[in-house]
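**Q** All chains, full assembly: derive it from the sequences and hints.
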Amino acid sequence: MKTLEAPWPISLFSRIHVDKTPHSSPMLRFCHSTTRLSSFTPLSFTLRRQLPMASFSAQAVSTGDVKSDANVFELIQKHQEAAARLPPLEEIRTVLDRSVRGMLSTFSQKYEGYPSGSMVDFACDADGTPILAVSSLAVHTKDLLANPKCSLLVARDPEDRTDLVITLHGDATSVAEKDKAAIRAVYLAKHPNAFWVDFGDFQFMRIEPKAVRYVSGVATALLGSGEFSKEEYQAANVDPIAQFSKPVASHMNRDHAEDTRIIVQHSTSIPVDSAYMLDLDSLGFNVKVLLTVLSGACPQVIDLLLDFVGWLRI
1 MKTLEAPWPI SLFSRIHVDK TPHSSPMLRF CHSTTRLSSF TPLSFTLRRQ LPMASFSAQA
61 VSTGDVKSDA NVFELIQKHQ EAAARLPPLE EIRTVLDRSV RGMLSTFSQK YEGYPSGSMV
121 DFACDADGTP ILAVSSLAVH TKDLLANPKC SLLVARDPED RTDLVITLHG DATSVAEKDK
181 AAIRAVYLAK HPNAFWVDFG DFQFMRIEPK AVRYVSGVAT ALLGSGEFSK EEYQAANVDP
241 IAQFSKPVAS HMNRDHAEDT RIIVQHSTSI PVDSAYMLDL DSLGFNVKVL LTVLSGACPQ
301 VIDLLLDFVG WLRI
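First residue of the sequence shown? That's 1 in full-length UniProt numbering, and the numbers climb one at a time after it.
Quick caveat, the hints were computed from the structure, so don't treat them as lab data. Incorrect hints may appear among the rest.
[Said to hold, decoys possible] Straight-line C-alpha distance at most 30 Å; calculated DSSO-like pairs for lysine-lysine: (1) K149 / K178; (2) K190 / K149; (3) K178 / K142; (4) K210 / K110; (5) K230 / K149; (6) K178 / K210; (7) K180 / K210; (8) K190 / K288; (9) K149 / K180; (10) K142 / K246; (11) K180 / K142; (12) K180 / K288; (13) K190 / K180; (14) K230 / K210; (15) K142 / K110; (16) K190 / K230; (17) K110 / K149; (18) K288 / K230; (19) K190 / K178; (20) K190 / K246; (21) K246 / K288; (22) K190 / K210; (23) K210 / K288; (24) K230 / K178; (25) K149 / K246.
**A** Right, here's the structure in full:
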C-alpha cells in the first residue's frame, strides 16, 4: 500500500437549511468552497439533500460508496447546485451588523493622491451606518476631516479569500453633540471595554453610505459580486437569528458535537471525523470539519490520501 502526499489544499463550506413549511423535512446543504490542484483553476461545490427527521438521531450512519476524491467532489457539486443562501443584501447587512473591525481607506493628506489604509473598530447603527470612535491624534482622523470620502472593507473570514468581502463607500461625518449619547451606546454595545471613547481626543464619526459592493467565491466556481445603492442597503434586514450564534454554537459544540457530525455526514454521504459549529442564521449554520478523503488516484490499493480540516456551510 502506497501513501501519496496530498497535492492540493481543500477548503469546505456546508450549510443546513430547514424548510419552514409545516411538517417538512430538514434540508441539508454542503458547499465545497475551494479545491486547488497544482496550478489549475480552483473548483467550488455545494451540497443539499432532503432527509427525514429521524436521520438526526445518534445512530450508525451509512456513508455510501465514497471511494475517491472524485466521488466526493461529484457529490458535493450535485448538492451545491440546489443550495439556498440568504439574499445578498440581507447577508451583507447581517455580516456588517455582526462585525466589529475592518479596513478603513482614506485619502492621505501627507501623500497627496494616494490612499491610506487603517484597521479600525466600528459598530453599525439600526440603519447599517458604520460608527467609528477616532482620536484626533490618528492619521486617518486627520485624513477624514480634510476629505470625508472613504471606504470600509470588511471580510467575513479574513483568513479565507473565497469568503464574502464587503466594501462600503461613503462620507465620514462627525456626530453632533445631541446625538452623541445614543451613538455612544451603539458603539459600546459592540465594544464594551472601549473606555477610551470618553477621552478628550476622541470623537464619534459615522460613514454615511453611498454604495455597497461585495464579492464572494473568488477563485472558485461560486464567484459572485454585486453593488447596491444606499437606499437598497438600508432597506435590507439584518437576519434575526444571527445574533444568537455565539450561545447556540457554544452549546452545540459543548454538548452535541457528535450530533452535529452526524448531521454533516448525513447531508453529504461522506465520512466526517468531527464537526465544530461556528455560527448560524435563520437558514442554517457554518461548521468547521475534519474530513478524511479516500483517493483512487493510485491504481493499487486505495489509501488514505488526504486528511484535512475544512469549513462547511450547513
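**Q** For each hint, tell me whether it holds in the structure or not.
**A** Results for each hint:
1. K149 / K178: Since the Cα atoms of K149 and K178 sit roughly 24 Å apart, the hinted pair holds (cutoff 30 Å).
2. K190 / K149: 25 Å, holds
3. K178 / K142: Roughly 23 Å separates the two Cα atoms, so the pair holds.
4. K210 / K110: At roughly 25 Å apart (the allowed maximum being 30 Å), K110 and K210 satisfy the hint.
5. K230 / K149: 15 Å, holds
6. K178 / K210: Within the cut-off at roughly 24 Å; holds.
7. K180 / K210: Answer holds: K180 to K210 is near 22 Å, not above 30 Å.
8. K190 / K288: Roughly 25 Å separates the two Cα atoms, so the pair holds.
9. K149 / K180: 22 Å, holds
10. K142 / K246: With Cα atoms ~36 Å apart, K142 and K246 exceed 30 Å; violated.
11. K180 / K142: 20 Å, holds
12. K180 / K288: At roughly 40 Å apart (the allowed maximum being 30 Å), K288 and K180 break the hint.
13. K190 / K180: Given pair K190, K180 holds - Cα atoms ~16 Å apart, limit 30 Å.
14. K230 / K210: This hinted pair holds, its Cα atoms lying about 5 Å apart.
15. K142 / K110: The given pair, whose Cα atoms are some 10 Å apart, holds under the 30 Å limit.
16. K190 / K230: Since the Cα atoms of K190 and K230 sit roughly 23 Å apart, the hinted pair holds (cutoff 30 Å).
17. K110 / K149: 16 Å, holds
18. K288 / K230: 34 Å, violated
19. K190 / K178: Measuring from Cα to Cα gives roughly 21 Å; hence the hint holds.
20. K190 / K246: 14 Å, holds
21. K246 / K288: Cα-Cα ~15 Å, so holds.
22. K190 / K210: 24 Å, holds
23. K210 / K288: Status violated; Cα separation ~35 Å.
24. K230 / K178: Holds. K230 to K178 sits at ~24 Å (cutoff 30 Å).
25. K149 / K246: 34 Å, violated
In terms of the numbered hints stated before, the structure departs from hints 10, 12, 18, 23 and 25, listed from lowest to highest.
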